Amino acid sequence: MAAAILSVLAALAAYPVVGTGYGVRSVQQIFMWIALAGSWNLISGLTGYVSFGHVAFFGAGAYAGAILVASAGWPWPLAALAGGAAAVVLAVVIGYPCLRLKGPYFAIAMLGLNEVLRALVSYFEGLTGGGNGLSLPTLDASVPIYYVMGVLAVVVTAMSWLIVTSRFGLRLMTIREDEVAAEAMGIDTFHHKLAALLLSAVGPGVAGALMARDQGYIEPISVFPLAITVTMIVMALFGGKGTVFGPVLGAAALFVAQEIVWARYPYVHPLLFGAIIVGVVLLMPRGVLGLLQQRYRLPRTI
Amino acid sequence: MPPVLSVERVRKSFGGVAAVNDVSLALEPGRIYGLIGPNGSGKTTLFNCITGIERLDAGRVSFRGERIDGLKPWQIARRGIGRTFQIIRVFPELTALENLLVVTRGARAEAERRGRELLEFVRLGDLAGEYAGNLSYGQQKLVEFVRMLMTEPTLILLDEPAAGVNRTLLNDLLDAVSRLRDAGKTVLLVEHDMKVVMGLCETVFVLDHGEKIAEGPPGAIQADARVIEAYFGR
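Going down the list, the sequences are from chains V and E. Number 9 in our numbering belongs to position 9 of the first sequence; there are no gaps in the numbering. Number 181 in our numbering belongs to position 181 of the second sequence; there are no gaps in the numbering.
The set of hints was computed from the structure by calculation and includes no laboratory data.
Chain E regions said to be covered by chain V (calculated; three or more residues, Cβ under 8 Å):
#1 64-74
#2 85-92
#3 96-104
#4 145-154
Just so you know, these numbers come straight off a predicted model, no measurement behind them. We put the beta carbon where it would ideally sit given N, CA and C, even for glycine.
Using the sequences and the hints, build the whole thing.
In structure tokens form, the structure reads like this:
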């Protein structure tokens with residue numbers, strides 16, 4: 001297993017040397033989706049607190065990073081870290097009040113958070129460019145961003161592995177399984193949920209800032225679309241929520257499928273995604289890896 | 001010696017119905033107490049008031065001399081009150097051993113050793129790696145029981161430990177409860193099985209319509225006219 005992972009990583013590290021521009025950009029996108037789906041999985045897959053607005057962290061990271069690069073002249077790697085920090089701050093602001101409550105309030109609050117952020121970004125034109133968007137100085141950093149995005153995907157996945165194999169991770173799962181029983185057994189569920197949310201905000205924040213640098217231009221509709229949240233959820237569900245490598249599998253498989261379908265049949269592409277959501281929910285609610293785990297009694301770390 | 005648990009004039013209503021009405025009781029350390037009463041008499045609500053799941057409307061609950069009403073359930077649990085539930089609440093997608101591990105802090109190896117030991121003790125050693133949701137009803141009940149023991153409680157609240165458990169298993173469970181008492185723990189159990197209550201408990205409290213109508217040794221309770229009336233009518 002370890003050897004297989006290392007050889008895949010080595011191949012991906014060597015890829016920009018031989019790959020086309022399109023190929024490198026595509027793999028970089030897969031890295032980004034792994035980071036997003038894996039992060040969503042940390043809060044929603046483990047604790048069962050479904051976030052319908054995880055793109056808010058992505059957008060907050062994108063704007064924080066872009067503003068620091070455009071207005072303050074920060075180098076982009078530093079701005080990417082600041083994007084992650086901005087997302088964590090946002091997670092505290094939303095998580096502190098909302099996660100005290102049990103039940104669906106968090107899901108609804110996250111949905112609203114994204115809309116509020118989009119409105120705020122449009123309103124503060126001086127800083128963000130408002131609806132006109134924000135342009136960054138031109139810079140070709142595709143290959144360095146490819147590597148940094150790759151590292152981000154590895155870090156998010158490694159963090160998932162560490163969490164899932166720890167008692168902290170098991171406690172997060174008890175919240176999903178039975179929050180009342182967890183509390184009655186001495187588990188401080190609020191602080192566990194908050195910690196999970198903060199950890200799950202870092203990846204999207206960094207990814208947003210990297211994406212902003214790579215594209216060179218962002219606007220409210222490009223970094224706060226509901227579609228990004230939906231895509232990361234579908235990827236995590238397809239691969240297997242609550243597993244370590246489910247989001248990796250889901251991100252890679254669905255991104256490739258999406259590219260093929262999108263190129264050939266642009267009009268049925270949303271339809272296909274809708275069909276996948278319905279199919280996964282009805283036929284394999286545990287996702288591909290969840291199903292294999294159950295059938296062949298594999299550990300969660302598969 | 002002060003009581004381990006003292007419940008003073010506790011009241012809890014849902015809508016207009018007083019589920020627990022002005023109930024007081026005191027538990028001395030190292031004894032087994034029974035809490036009985038017809039269905040809907042407020043036994044489980046009283047458990048929920050003690051463990052912080054329900055907020056009190058009035059009254060106070062003290063544990064080892066300190067007030068605990070108003071604390072969160074996890075804070076109360078960490079002070080040393082462990083409980084099981086009337087309807088089983090194991091974590092189904094965690095293994096039996098993981099169910100025990102999650103409630104522990106400190107060194108993991110030591111926690112695993114103790115977890116396996118407790119599973120052996122209830123004869124579930126071979127099923128340590130099985131998902132709790134795949135176990136039988138009785139086995140899940142045992143997992144819940146030993147999970148509660150993993151928290152090393154001083155006071156143990158058991159909500160119908162005998163229900164749905166076969167005789168052999170039940171005898172093991174009752175043995176375990178007696179041994180916990182001998183080790184200085186205090187036990188309060190809700191139970192419908194009168195044989196269990198009469199054989200195990202030193203003192204019995206009787207609730208009816210949210211009120212405590214009797215308290216005393218099992219023999220006297222069985223002969224108490226108000227108790228007979230509560231169960232069978234006049």
